[in-house]
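Here is what each chain is made of, one letter per residue.
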Amino acid sequence: MTVEQDCVALDQFPVGMRVLAVDDDQTCLRILESLLHRCQYHVTTTNQAQKALELLRENKNKFDLVISDVDMPDMDGFKLLELVGLEMDLPVIMLSAHSDPKYVMKGVTHGACDYLLKPVRIEELKNIWQHVVRSRFDKNRGSNNGDKKDGSGNNEGVANSDPNNGRANRKRKDQYNEDEDEERDDNDDPSSQKKPRVVWTVELHKKFVAAVNQLGFEKAMPKKILDLMNVEKLTRENVASHLQKFRLYLKRISGNQQAIMANSDLHFLQMSNGLDGFHHRPIPVGSGQFHGGAAAAGMRPFSPNGILGRLNTPSGIGGVRNNLSSPSSGMFLQNPTDLGKFHHVSSLPLNHIDGGNILQGLPMPLEFDQLQTNNNKSIIAGNSMAFPSFPTQQSSLPNNNNHLVLEGHPQASPSAFPGHQINKRLEHWSNAVSSSSSTLPPAQNSNSIIIGHQFDVSPLPHSKPDSLEWNTQNASSSYSIPFFYYDSSQMRQSGNYGPTTDAMLSSNPKEGFIVGQQKLQSGFMGAEAGSLDDIVNSTMKQEQSQGDLSEGDLGYGGFSSLRTCL
Amino acid sequence: MELAQMQKSLQDYTKSLFLEGVLDSQFLQLQQLQDESNPDFVSQVVTLFFQDSDRILNDLSLSLDQQVVDFKKVDPHVHQLKGSSSSIGAQRVKNACVVFRSFCEQQNVEACHRCLQQVKQEYYLVKNRLETLFKLEQQIVASGGMIPAMELGF
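Protein chains in written order, with my numbering: chain F, 1 to 566; chain X, 1 to 154.
Fair warning: there could be bad hints in the mix.
Pairwise CB distance ranges (calculated) [as the list claims (entries may be wrong)]:
#1 F:37 - X:114: 37 to 45 Å
#2 F:127 - X:15: 28 to 36 Å
#3 F:12 - X:70: 47 to 55 Å
#4 F:127 - X:38: 18 to 26 Å
#5 X:21 - F:48: 33 to 41 Å
#6 F:102 - X:134: 22 to 30 Å
#7 X:143 - F:74: 20 to 28 Å
#8 F:59 - X:15: 41 to 49 Å
Here are the computed lysine to aspartate or glutamate pairs in the EDC-like style, where the Cα-Cα straight-line distance is at most 16 Å [stated by the list, open to error]:
#9 X:15 - X:137
#10 X:73 - F:218
#11 X:73 - F:232
A short, non-exhaustive set of chain X residues, derived as facing chain F with CB atoms under 10 Å [stated by the list, open to error]:
#12 24
#13 30
#14 52
#15 94
Derived from the structure by calculation, the hints contain no laboratory data.
The C-beta atom is built at its ideal place from N, Cα and C for all residues, glycine as well.
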């Protein structure tokens, strides 16, 4: 959808909300279709789960919500639920004649937003739009103050007709505006739309990060960054929009997931000591070690002690950066529990992470836009489990200057669903990455997409670049996933990807990127917090909502949405 | 028969179905979904229901007639029938399915046979009644009248 279309749709929301209904029983399907029409939703039906997946994969932006029966002959409804959540990050409502609580529980743990019993009544359907709004709102909220300003581009912007979100968006916009001068020029400048897109390669991004680190995250201004980077043909606008995205991403990460990203050379988070002992040392871009194959804790520059990873060690939090005094990361110390959950959630080698920091070595999140950071640049990605405590922590965390505490565990949601999502995503991503060389392949098929793919492909492989508002507007800035790729390749080597489902990988090439990321993320969670990778991953996950994510948030969104659904 | 009379007959008839428990409020919801943009909705859905159910009942008969009954196959059928019958408001069919399922769980072949009979009986009953209902409706429409909206106060 174009921005305009999205805006229009938003205005009338929930009227016109696009629902995909799946049920093998044609009687029920027909009734459901009618009921949904009566609610003024736009309905597409299919009686096959496979077909539903195809439709969804074809265009992630095409639907806002999926309603699916549980018992279907060609695929278990729960499986479909998982796949949809992982790949598309859409809210899914389960439908069944089984009133047995254990089915309901299963639905919830697989990430369903709601579970309806047959026969479905229209009253129940009249309110299902809340799930769409909620998931978007949560995603937005995740990005906190840093929102993308570009108009409706973001997940928030698009399809978000919720008044709260609108206000939040405006608020964020204002904040952002205050923070950055150059912000919108990409969006606003019509000429920028015609500029050739800049592909942010790993190398380029490294330079960018190095420049930012050098200048200080808070103080980094596009012009200075540009000067430091000293790259020909890169314009200040390119840098500005890239910076914006980066900040948004970070912001979003901190907001949504309290995962601590492992450091990586791309990691430009800096943490101050004050907060909770998370200290991020900017990692020189050159180091380029994403913590190696996640599994290999070795990569981590930080001592494992502080790993927020919570997965394995309570001290995971501290592990983010050397200085982390793990205990201080009390907030994240839910780890033990979280770990349990985490494990449950994802089959990724969370456990094996030394530091428990899944995010370790996660490739840089593609979604820079996520990285928006407000004044308070600390992004604390807490362990999902830690989530409850997270908020408190978070408030303490944000310290004065760009402290990005990225917790490696983007999967805040205790349900298995997110975990799987993460895992699959990461796997996908890493697979995609590994399959493609580290160069930027021009083609956009599955693996190559990751590399050369423009960032504008929002977290999930969007087939439509224009779905990302900011993308279109920021013609000059396209972030390619490459840097993620970089990480993933490293990560990949570690081979500790959780369940790699080839199916997943191939399903959506674009996703691959995200998938990979997420996977990595979960895999390395806890190893070290704060890497950009983590941020990216978490961002990606969260951002993987249909359509809205397009902004390029990777994964991060999806994750949050997962949480929502739970 | 006069139009008004036909309409009254239809209403009474429909009411009786509710009173007997053959149909429940879900059927009313279906009727409410029918409108100008969707004029034959109820009959379409009910027709689909008949098609599905005929098939399911057939499959059930076959399954239960096997030497060794595979309840893993039987149960999903019954479950589906339960789902669709409840969706259209065929209350008695649905209730019979519920009983049927519990015997499936117990793997009681004989009881299941009886249940199947019961389900079939209820199904044919509702099928018959609904077909009559539709005929009445058609007559009214053919006479140029409108189908009266169902009153809920009974």
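**Message:** Please verify whether residue 15 of chain X and residue 137 of chain X have alpha carbons no more than 16 Å apart.
**Reply:** Cα-Cα ~14 Å, so holds.
**Message:** Does the closest beta carbon of chain F sit nearer than 10 Å to the beta carbon of residue 52 of chain X?
**Reply:** holds (6 Å)
**Message:** Please check whether residue 59 of chain F and residue 15 of chain X have a Cβ separation lying inside 41 to 49 Å.
**Reply:** holds (48 Å)
**Asked** At the C-beta level, are residue 37 of chain F and residue 114 of chain X separated by a distance inside 37 to 45 Å?
**Response** holds (41 Å)
**Message:** Assuming the hint says 18 to 26 Å, is it satisfied by the Cβ distance from residue 127 of chain F to residue 38 of chain X or not?
**Reply:** Given range 18 to 26 Å: holds, Cβ gap about 22 Å.
**Prompt:** Does 20 to 28 Å hold as the CB distance between residue 143 of chain X and residue 74 of chain F, or does it fail?
**Reply:** Once the Cβ atoms are compared, 46 Å apart, the range 20 to 28 Å for residue 74 of chain F and residue 143 of chain X is violated.
**Status of the residue 30 of chain X interface restraint (C-beta, 10 Å, chain F)** = Interface hint status for residue 30 of chain X: holds (7 Å vs cutoff 10 Å).
**Request:** So, residue 94 of chain X near chain F? Judge it on the closest CB pair being under 10 Å.
**Result:** Interface hint status for residue 94 of chain X: holds (9 Å vs cutoff 10 Å).
**Asked** Regarding residue 102 of chain F and residue 134 of chain X, is the given constraint of 22 to 30 Å on their beta-carbon distance met?
**Response** Given range 22 to 30 Å: violated, Cβ gap about 40 Å.
**Message:** Taking the Cβ atom of residue 21 of chain X and the Cβ atom of residue 48 of chain F, is their distance within the range 33 to 41 Å?
**Reply:** holds (35 Å)
**Item:** Straight-line alpha-carbon gap residue 73 of chain X to residue 232 of chain F, limit 16 Å
**Value:** violated (68 Å)
**Item:** Cut-off 10 Å, beta-carbon criterion: hint that residue 24 of chain X touches chain F
**Value:** holds (9 Å)
Going down the numbered hints, you'll see the structure goes against 6, 7, 10 and 11, while the others check out.
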